[in-house]
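Make the full structure from the sequences, and use the hints.
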Amino acid sequence: MQKLVPSVIALALGVALAGCQDQGPKREKVEINKNPYPSTYKAYSSSSTLIKNATVLTGTGERLDNTDVLLVDGKVKELGQNLTAAADVTIDAAGKWVTPGIIDVHSHLGAYPSPQVESHQDGNEMTSPNTAEVWVEHSVWPQDPGFNRAREGGITTLQILPGSANLFGGRGVTLKNIPSPTMQGMKFPDAPYGLKMACGENPKRVYGGKSVLPSTRMGNMAGYRAAWAEATEYKRAWEEYEAAYAKGLNPEAPKRDIKLDTLRGVLDGEVLIHNHCYKAEEMAMMIDLSKEFGYHAGTFHHGIEAYKIADQLAENGSCAALWPDWWGFKMEAYDMVQENVAIVDAPKNSCSVVHSDSDTTIQRLNQEAGKVMFRANENGFALKEEDAIKWITYNAAKSLGVSDKVGSLAPGKNADVVIWNQSPFSVYAKAETVFIDGAKVYDRFDEKYQAVSDFMLGQK
Amino acid sequence: MKKMTLSTLALVMGAGFSASALAQSIAITNATVHTAGELGVLKSASIVLNDGKIVAINPATVEADTVIDAQGQVVTPGLISSMNQLGLVEVGAVARSRDAGDDKAGIDFDPSSAFNPLSTLVPYARKGGITQDIVTPYGGDSIFAGLASVVDLTGEFDSVTATKKALVVKLGAESKGSRAMSFKTLVEKLEGQQTKLDKQKAEKKKDEKKDDKPSVEEQVLTDVLAGKLPMVAYSNRASDLIHLLKIKADFNLNLVLWGANDAVLVADKIAAAKVPVIMSAMENLPGDFDSMHAHLENAGKLEKAGVKVLLTVGGDASHNMYQMRFDAGNAVSNGMSYDGAIKSMTANVAEVFGINGGKVAVGQKADVVLWSGDPLELSSSVVKMFINGKEVSTESRHDKLRDRYMKKSDMPVAYTK
Chain A
1 MQKLVPSVIA LALGVALAGC QDQGPKREKV EINKNPYPST YKAYSSSSTL IKNATVLTGT
61 GERLDNTDVL LVDGKVKELG QNLTAAADVT IDAAGKWVTP GIIDVHSHLG AYPSPQVESH
121 QDGNEMTSPN TAEVWVEHSV WPQDPGFNRA REGGITTLQI LPGSANLFGG RGVTLKNIPS
181 PTMQGMKFPD APYGLKMACG ENPKRVYGGK SVLPSTRMGN MAGYRAAWAE ATEYKRAWEE
241 YEAAYAKGLN PEAPKRDIKL DTLRGVLDGE VLIHNHCYKA EEMAMMIDLS KEFGYHAGTF
301 HHGIEAYKIA DQLAENGSCA ALWPDWWGFK MEAYDMVQEN VAIVDAPKNS CSVVHSDSDT
361 TIQRLNQEAG KVMFRANENG FALKEEDAIK WITYNAAKSL GVSDKVGSLA PGKNADVVIW
421 NQSPFSVYAK AETVFIDGAK VYDRFDEKYQ AVSDFMLGQK
Chain B
461 MKKMTLSTLA LVMGAGFSAS ALAQSIAITN ATVHTAGELG VLKSASIVLN DGKIVAINPA
521 TVEADTVIDA QGQVVTPGLI SSMNQLGLVE VGAVARSRDA GDDKAGIDFD PSSAFNPLST
581 LVPYARKGGI TQDIVTPYGG DSIFAGLASV VDLTGEFDSV TATKKALVVK LGAESKGSRA
641 MSFKTLVEKL EGQQTKLDKQ KAEKKKDEKK DDKPSVEEQV LTDVLAGKLP MVAYSNRASD
701 LIHLLKIKAD FNLNLVLWGA NDAVLVADKI AAAKVPVIMS AMENLPGDFD SMHAHLENAG
761 KLEKAGVKVL LTVGGDASHN MYQMRFDAGN AVSNGMSYDG AIKSMTANVA EVFGINGGKV
821 AVGQKADVVL WSGDPLELSS SVVKMFINGK EVSTESRHDK LRDRYMKKSD MPVAYTK
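Protein sequence lines, in the order shown, are assigned to chains A and B.
Residue numbers for the first sequence, in the numbering used here: 1 to 460.
Residue numbers for the second sequence, in the numbering used here: 461 to 877.
Some hints could be false.
[Said to hold, decoys possible] Keeping only pairs whose Cα atoms sit at most 20 angstroms apart, straight-line, the calculated EDC-like set for lysine to aspartate or glutamate is: (1) K636(B) - D311(A); (2) K659(B) - E677(B); (3) K460(A) - D748(B); (4) K860(B) - D335(A); (5) K877(B) - D335(A); (6) K460(A) - E550(B); (7) K867(B) - E378(A); (8) K860(B) - E378(A); (9) K867(B) - D311(A); (10) K330(A) - D776(B); (11) K330(A) - E550(B); (12) K460(A) - E757(B).
No wet-lab data here; the hints were simulated from the structure.
Next comes the structure, spelled out in structure tokens:
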């Protein structure tokens, strides 16, 4: 934390100076470009598509039988029975199921890609407990074959997060799961950034082992608080600068700090928190921490013990992104229950999400959600397919701040759609056709629509 | 769990009326039985368990202390998992709960003495219908990880039923050094022991009294060379697998391949050499340059090529083995035969490791599972399961936690037990 002290002093000085330096030639206003690596994503060209007679799960709790879905110009145009609209392509989906594109809020694809060779270990800047200045998008290798495997499992949107060794691991990025030679080509237009935070064992183990704070859970909390206090000062300095400039004064801009830009983005509500946090008592403290510094605690990832504080999570409007059954790999993962997702889902205003954090289960988030539904129904719940699909579509989109665009099937929504050979919650379910913004990006029966990574091409 | 409690009560009452409280016979009637053996799938079948064994299949009249009507549901042999550290780890990151590895581990490392039947992983694994496990050492610096043992998932102190059932060898890609050195170490060990045995044979002819007791390592190598003890070799690259087949032929080993992500490239050779493959059905990414052909269809392709496939769970198999049946379902979804998938978790494992169980057949160990539906489906679960003819529960600590937080009580949750 010693490092933080000088910069706080510098800031204080900057603030003091900003007020009085109103003489001399007028300086140009310093503006921070909040989108320096903009998305270049463009939807693939699409035909209008009419999917006929499917069992449709909307992602928002509805199941529509024998229903047609019309996709036009990259959007869902209409859902209903016996649609008669003319379309370039008509697909008979009798016996098949249609869902929104599946969304994984927790992936490391591209940052920890396959092959998992030393040269590719780009997912976690483990050199300081606070690396809020790193952006994981700068580590994404778009040729990771895992993106293609995930698409074959219906994944159309995914958030790539940095690792969990740090209190602040850096910015996450939301991607469209579309093949592109550049990260920008995959970047989800206008999706808010995420900031990865981590509770518990990982930060204290990694930095405690280097005799750097934190080596304890109280050290973790001290580290967050010091950082938010500094970010609060930074935000104030910039706001004072902007106010002075607006008044016609001639202030000197505060010193730019990339790390604090990100933390300030959280305080301004522009960057969403994604917090690796397993234990009930830690999640409760992280909620208090967010209130102490005036931001939203965001989504709790991994939350093995979320079921112990389900009401509190819902009250706070926090999503919990969870596994169905991972457990036992460390102490904070010991109290797993297979019904966690369902228990967290039960209160009003809840936001339960099934996530993967895995390059393999991301390919089967439908099965992961299915496991929860069936285990919960054996133990007092009465969940249906239309409920379970929310955990991997609408709620996931909400967690990422993109639910106005994806995560549900409704007129006007992006046409990210999966056609399944049967109920997606069967072990035998397969995504047959995947659309992103109305364009077919995967077809199980047509090699033309099966993307191959550069890395795999020509390998024997 | 209420159901379990009731049926346990029923069993206890049944015992009271029977001639002997110890040898309590159980019949399951009206079941679809996947025997994983010569009998194939039997519809509307009855099986009778007594004295730890399966004593009758479809008897003319069913006589047993307890009769369970399966109402057409599926019965399989108890599933047998392998290549994990069940009972040798409680929490992965807690060093003092780990006993499967040791820097000094080698050919003679047998961690079965460290097996903890009270581990919370044991009842959790039973949720997956697993009744036996091939517990496998993690090993240490040596390419020889040590010796696998066999346990029943009863949770009782007599769980370890057999030790020294396979020698486990770790080969393939190396972070430091060359895989060639690993092959050299393996071959030298085998050659060294073979030379010793040849010499002893020659000397014994001259002097019959000479009989030095071999060390555990020597005995293990002797058994491996005699083909009595399977040698399970982990590797993925096709060229490694070919090399292992050659070593098998040179020393006449009972070789079992493990991992084998690229085995599909040499499936015919593996099949011709009658070498079984232990694999995860879910591997489909090129984790490294050894695994460029990992694919969900591999289990089915190997099966079609005539390879005996054994399924195991990838990653942290110790904690996650319960989902082996779901992996098998995915294998079926990607081309494996249904019967083959069942066998890959039962009969094939028993045969390769030379243990009782894995089949519904008269005389076999009475490890059977009654399922609520298709055992490979996400929607099904264990209705009842029996190990050595005794009913075991699938309730684990996880259920207690769930119930505590779901039950409404006037008292704080800490008082709900």
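Here is what the structure says about each hint:
1. For a cut-off of 20 angstroms, the pair hint linking K636(B) to D311(A) is broken: about 50 angstroms separates their Cα positions.
2. At roughly 17 angstroms between alpha-carbon atoms, K659(B) and E677(B) fall within 20 angstroms of each other, so this suggested pair holds.
3. Taken as a hint, the K460(A) and D748(B) pair is honoured in the structure, with Cα atoms around 14 angstroms apart against an allowance of 20 angstroms.
4. A distance of roughly 10 angstroms separates the Cα atoms of K860(B) and D335(A); the hinted pair therefore holds under the 20 angstroms criterion.
5. Our distance criterion of 20 angstroms between C-alpha atoms is met by K877(B) and D335(A), whose separation comes to about 15 angstroms.
6. For a cut-off of 20 angstroms, the pair hint linking K460(A) to E550(B) is broken: about 41 angstroms separates their Cα positions.
7. For a cut-off of 20 angstroms, the pair hint linking K867(B) to E378(A) stands: about 15 angstroms separates their Cα positions.
8. Using a Cα cut-off of 20 angstroms, the hinted pair K860(B) and E378(A) holds, with the two alpha carbons roughly 14 angstroms apart.
9. Distance check on the hinted pair: K867(B) and D311(A) sit about 14 angstroms apart at the alpha-carbon level, within 20 angstroms; holds.
10. As the CA atoms of K330(A) and D776(B) are separated by approximately 12 angstroms, the hinted pair is consistent with the 20 angstroms bound.
11. Using a Cα cut-off of 20 angstroms, the hinted pair K330(A) and E550(B) holds, with the two alpha carbons roughly 9 angstroms apart.
12. A hinted pair counts as satisfied when its Cα atoms are at most 20 angstroms apart, and K460(A) with E757(B) qualifies at roughly 17 angstroms.
The earlier numbered hints that this structure contradicts are 1, 6.
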